[in-house]
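Novice: Okay, here's what each chain looks like letter by letter:
Protein chains: 2
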Amino acid sequence: MNHDFKELAQIYKNALLQDVIPFWQKHSVDWQQGGYFTCLDREGNVYDTDKFIWLQNRQVWTFAMLYNQLEEREDWLQIARNGANFLPQHGRDSDGNWYFSLNREGKPLVQPYNIFSDCFAAMAFSQYALASGETRAKDVALQAYNNVLHRKDNPKGKYNKTYPGTRPMKTLAVPMILANLSLEMDWLVQSDKLENIIDITVQEVMSDFLDQEQGLMYENVAPDGSHIDCFDGRLINPGHGIEAMWFIMDIARRRNDAKLVNQTVDLVLNILNFGWDSEYGGIYYFMDADGHPPQQLEWNQKLWWVHLESLVALSMGYRLTEREECWDWYQKVHDYAWSRFADPKYGEWFGYLDRGGQVLLNLKGGKWKGCFHVPRALYLCWQQFEALSQRKQRLV
Amino acid sequence: MNHDFKELAQIYKNALLQDVIPFWQKHSVDWQQGGYFTCLDREGNVYDTDKFIWLQNRQVWTFAMLYNQLEEREDWLQIARNGANFLPQHGRDSDGNWYFSLNREGKPLVQPYNIFSDCFAAMAFSQYALASGETRAKDVALQAYNNVLHRKDNPKGKYNKTYPGTRPMKTLAVPMILANLSLEMDWLVQSDKLENIIDITVQEVMSDFLDQEQGLMYENVAPDGSHIDCFDGRLINPGHGIEAMWFIMDIARRRNDAKLVNQTVDLVLNILNFGWDSEYGGIYYFMDADGHPPQQLEWNQKLWWVHLESLVALSMGYRLTEREECWDWYQKVHDYAWSRFADPKYGEWFGYLDRGGQVLLNLKGGKWKGCFHVPRALYLCWQQFEALSQRKQRLV
Numbered sequence: 000m001n002h003d004f005k006e007l008a009q010i011y012k013n014a015l016l017q018d019v020i021p022f023w024q025k026h027s028v029d030w031q032q033g034g035y036f037t038c039l040d041r042e043g044n045v046y047d048t049d050k051f052i053w054l055q056n057r058q059v060w061t062f063a064m065l066y067n068q069l070e071e072r073e074d075w076l077q078i079a080r081n082g083a084n085f086l087p088q089h090g091r092d093s094d095g096n097w098y099f100s101l102n103r104e105g106k107p108l109v110q111p112y113n114i115f116s117d118c119f120a121a122m123a124f125s126q127y128a129l130a131s132g133e134t135r136a137k138d139v140a141l142q143a144y145n146n147v148l149h150r151k152d153n154p155k156g157k158y159n160k161t162y163p164g165t166r167p168m169k170t171l172a173v174p175m176i177l178a179n180l181s182l183e184m185d186w187l188v189q190s191d192k193l194e195n196i197i198d199i200t201v202q203e204v205m206s207d208f209l210d211q212e213q214g215l216m217y218e219n220v221a222p223d224g225s226h227i228d229c230f231d232g233r234l235i236n237p238g239h240g241i242e243a244m245w246f247i248m249d250i251a252r253r254r255n256d257a258k259l260v261n262q263t264v265d266l267v268l269n270i271l272n273f274g275w276d277s278e279y280g281g282i283y284y285f286m287d288a289d290g291h292p293p294q295q296l297e298w299n300q301k302l303w304w305v306h307l308e309s310l311v312a313l314s315m316g317y318r319l320t321e322r323e324e325c326w327d328w329y330q331k332v333h334d335y336a337w338s339r340f341a342d343p344k345y346g347e348w349f350g351y352l353d354r355g356g357q358v359l360l361n362l363k364g365g366k367w368k369g370c371f372h373v374p375r376a377l378y379l380c381w382q383q384f385e386a387l388s389q390r391k392q393r394l395v
Numbered sequence: 000m001n002h003d004f005k006e007l008a009q010i011y012k013n014a015l016l017q018d019v020i021p022f023w024q025k026h027s028v029d030w031q032q033g034g035y036f037t038c039l040d041r042e043g044n045v046y047d048t049d050k051f052i053w054l055q056n057r058q059v060w061t062f063a064m065l066y067n068q069l070e071e072r073e074d075w076l077q078i079a080r081n082g083a084n085f086l087p088q089h090g091r092d093s094d095g096n097w098y099f100s101l102n103r104e105g106k107p108l109v110q111p112y113n114i115f116s117d118c119f120a121a122m123a124f125s126q127y128a129l130a131s132g133e134t135r136a137k138d139v140a141l142q143a144y145n146n147v148l149h150r151k152d153n154p155k156g157k158y159n160k161t162y163p164g165t166r167p168m169k170t171l172a173v174p175m176i177l178a179n180l181s182l183e184m185d186w187l188v189q190s191d192k193l194e195n196i197i198d199i200t201v202q203e204v205m206s207d208f209l210d211q212e213q214g215l216m217y218e219n220v221a222p223d224g225s226h227i228d229c230f231d232g233r234l235i236n237p238g239h240g241i242e243a244m245w246f247i248m249d250i251a252r253r254r255n256d257a258k259l260v261n262q263t264v265d266l267v268l269n270i271l272n273f274g275w276d277s278e279y280g281g282i283y284y285f286m287d288a289d290g291h292p293p294q295q296l297e298w299n300q301k302l303w304w305v306h307l308e309s310l311v312a313l314s315m316g317y318r319l320t321e322r323e324e325c326w327d328w329y330q331k332v333h334d335y336a337w338s339r340f341a342d343p344k345y346g347e348w349f350g351y352l353d354r355g356g357q358v359l360l361n362l363k364g365g366k367w368k369g370c371f372h373v374p375r376a377l378y379l380c381w382q383q384f385e386a387l388s389q390r391k392q393r394l395v
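Chain order of the listed sequences is P and H.
Going by numbering that gives the first Met the number 0, 278 is the number at position 279 of the first sequence; the sequence numbering is gapless.
Going by numbering that gives the first Met the number 0, 53 is the number at position 54 of the second sequence; the sequence numbering is gapless.
Chain P extracted, bound-state conformation (with noise of 0.2 Å):
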């Protein structure tokens, strides 16, 4: 592979337009009854008519921003309206909280146990609104946001089971998801509040969550940021915290903070180093910090989003700073990637592999995989290799 940006701008653009979407468009939609299907076969044929929120929510993003970011195409809202007429009527409590599950009539099935429930609906009703125009909309992202605002120092509130008080612990994805979540709000809220919830928790994930010795994005810490010695505490996802990695990264561009820019960068590489497989090839979902063995089963799967959300850390990461070794990692992990998670024949990634880079799951999606993580990551590499492209035309 060499460095022909323009190239790999092309396969993205083509893989998340001609393939992906289209994939989504053709099979997902649920006209009769509103919302999509997300469980869906090798082929696309749905094998369960479940509606989970994060999924349904997620695609409504991502229409909606695919609609304002790259083409008003009418067929594209449509789909993202498809959601979002059914989406707020069927999917809160009383209380405005957002359920976990519907049944496809929309009645629901799994209490709203899950904040980030809430942030999606946000992400969602932020894009849609934005995309349709509609005051309801806006009301039911800031409505969601709010929410997220006020439940995320007790995320499960009723429903935690906890012990209060014998070992409090943290968890990184809350700042994580609320740093992204607060960008795409950007449109809806006022700056200074944004700004600051944006300061607080890049610092409280570059303080408190990141191990500075190690270099490694720990997912659950003591309220201090101290590690705590059990298997929640040692738990490290490197998914994960690529991801986070390049949430910061995204918040560093746009402050122009080079430091902090070459800092997530920094530790995009060293959790891949740690991560990596290095029989198989790969990363790992689920690691222990201190090697004992993790709790979770499938931990030495690869799963599709780590991968693709490495591929936007690696490639954003080359783009505002073109360091070598970031180009080397990206080269490693798009070579593990394409040839394994997608699926020329049928089109769209594959969700789950084993250790050795099998098919675990002939699925396009299910309780887990939507219409997300695969076109969000097509979108964003192909405007990093387009911005690198056209870099390079300059330089010429």
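Every clue listed holds true.
The list cannot tell twin chains apart, which means a pair is met if one copy fits it or any two copies do.
DSS-like cross-link-like pairs, simulated, lysine-lysine; straight-line CA separation at most 30 Å: (1) LYS155 x LYS366; (2) LYS366 x LYS151; (3) LYS366 x LYS160; (4) LYS12 x LYS366; (5) LYS137 x LYS160; (6) LYS169 x LYS106; (7) LYS25 x LYS106; (8) LYS160 x LYS106; (9) LYS169 x LYS155; (10) LYS25 x LYS137; (11) LYS137 x LYS192; (12) LYS331 x LYS344; (13) LYS391 x LYS5; (14) LYS106 x LYS155.
FYI, nobody ran anything at the bench for these hints, they're computed from the structure.
Since the structure of chain P is already known, use the hints to place chain H on it.
Specialist: Showing chain H alone in chain P's frame:
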């Protein structure tokens, strides 16, 4: 492998008394703070000190059971006592519900969201009361047993995340464990009450959870026993179904119900046919009844308890019916399990293999694997082969 039952009895006896029990005796007892360490690496080193209530109570049960059934060894009773003194003091909330986990010193970590913590407490303290003669232990057992009966229709209580009414479902684990638990309680509970509970649970398992046509046990069904087309409703856990079948086979034997014994043997054989990995050998962990991708990423892994419960079911089934298919399957599972799970180098059994049969987690114990399935199965298989070898002798 031949029909040398005497030799087989010896293999199981030796593994139990010279390998597995000494392993736990040596490595797992927390003589300082009470209770047990269950997170043991391959060699037996402790890598985590949290105390998971299922496993704590199961270890009390194992040592008390050996004391009651095999030999009144003071060292075994002392180990059981080391848990039995620690647990009632630290393990329950003010309403008498058993927590899910404690830290090493006994402070609660995870709330009592799980009815099986109470189940295993009842089993443990029933055996321990029998071994020690302590009235206090009897009270703990009865209180836990009554708690199980009280909680069984809403096992997760306030931690239940299912939205009421949309899709009511019940789970096999509850009647299944109740059947086994009730046998354990037989010396403590009035016999007509007990027989009534057993009748109801056997009836529920064999009519509601059994799909007669497919010959499979479903993990979750509607309250009337019908199937629900969703992830949970399609779920098959072959090891669980097989374990349920030997619980019921054991009840049928006590009741001299040859028809029910034969039905449970048919089902064990049928579940094995369905759940056996014809490519790599071993029994899958989770399957979808309709062949769709299961939700569980660990679906194709091979777990110790699944194979041990199958050895119990097959040796018991063969002892009770002498059906040749039972013997053929016994041999197949025996060869697979003994050559891969048992660890002649450091003792005890590995818990988790990948699909190909390689060790997935280099441990002897963790959050879910403790001193229970291996010794219980070794003890029960030994007893089956002992009985078979005596029967053979009588025939000679």
